[in-house]
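Visitor: Position 134, counted from 1, in the sequence shown is what our numbering calls 134; the numbers after and before it change by one each time, with no gaps.
I should point out that these hints are in silico values taken from the structure, not numbers from a laboratory. Any given hint could be a false lead.
[Claimed, not checked] The calculated label-pair distances, taken between Cβ atoms and stated as ranges, are: (1) Leu5 / Ile116: 34 to 40 Å; (2) Ala27 / Arg90: 18 to 24 Å; (3) Leu123 / Asp91: 18 to 24 Å; (4) Tyr112 / Thr53: 20 to 26 Å; (5) Leu82 / Val107: 39 to 45 Å; (6) Val133 / Ser104: 32 to 38 Å; (7) Leu123 / Ala58: 26 to 32 Å; (8) Leu82 / Val55: 38 to 44 Å; (9) Leu23 / Val133: 32 to 38 Å; (10) Glu40 / Trp113: 23 to 29 Å; (11) Phe26 / Gln52: 32 to 38 Å; (12) Asp91 / Ala39: 40 to 46 Å; (13) Leu38 / Ile2: 24 to 30 Å.
Note that beta-carbon positions come from the ideal geometry of N, C-alpha and C, so glycine has one too.
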Amino acid sequence: MIAQLLICASAAIVLLLGTVHLLYTFASNKFQPRDSALAEHMQNVAPVITRQTTVWRAWVGFNASHSLGAMLFGLVYGYLALAAPLALLRDGFLLGLGVLFLASMAVLAWRYWFRIPLIGISLALLSFVSAVVLQALPL
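Based on the provided sequences and hints, a complete structural model is requested.
Guide: Okay, here's the thing in structure tokens:
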């Protein structure tokens, strides 16, 4: 029961972070550069990989897809923890995948992002790992 709640908490944190990130991407200026000249330049320059987009459009797309990935994690693991907790907690692959995903996100947050997502992802990782450890303990 506690392991199930910990995975639900982890999933809820990641779902919240992903949802806020998506809202910030499309409904705010939070991810725009403080330098308006840079934003304009990003809107007019193509990346080296292709001329079919601009750096700005790629930036928006990367942020949106990043948000969707976090939301998918939160929804899938939250659903499994609520609808099929025993199946989830007995599936080493899904548990390992969850830890790997969250640990990777924590490394990215530490290396490239800022404090709020680092704290959120770290809490989600701690909750998830705690659930895995609790599940592994013989009771």
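Visitor: Run every hint past the structure and note whether it holds.
Guide: Hints and how they fare:
Taking 34 to 40 Å as the suggested C-beta distance range, the pair Leu5 and Ile116 does not conform, at roughly 23 Å. Our hint of 18 to 24 Å for Ala27 and Arg90 is violated, since their Cβ atoms are close to 40 Å apart. Take Leu123 and Asp91: their Cβ atoms lie about 23 Å apart, and the range 18 to 24 Å holds. Separation of Tyr112 from Thr53 is about 21 Å and conforms to the stated range, judged on CB atoms against 20 to 26 Å.
In this structure the hint that Leu82 and Val107 lie 39 to 45 Å apart at CB is violated, the actual value being about 28 Å. Between Val133 and Ser104 the beta carbons are some 19 Å apart, a value that contradicts the proposed interval 32 to 38 Å. Restraint check, Leu123 to Ala58: a C-beta distance of roughly 30 Å satisfies the suggested window 26 to 32 Å. At roughly 40 Å, the beta-carbon separation of Leu82 and Val55 lies within the given 38 to 44 Å, and the hint holds.
Between Leu23 and Val133 the beta carbons are some 33 Å apart, a value that agrees with the proposed interval 32 to 38 Å. At about 25 Å, the beta-carbon gap between Glu40 and Trp113 stays in the expected band of 23 to 29 Å. For Phe26 and Gln52, the Cβ-Cβ distance of about 21 Å falls outside the hinted range of 32 to 38 Å, so the restraint is violated. Asp91 and Ala39 have their C-beta atoms about 45 Å apart, which keeps the hinted 40 to 46 Å range intact.
For the pair Leu38 and Ile2, the beta carbons lie near 48 Å from each other, so the given range of 24 to 30 Å is not met.
Going down the numbered hints, you'll see the structure goes against 1, 2, 5, 6, 11, 13, while the others check out.
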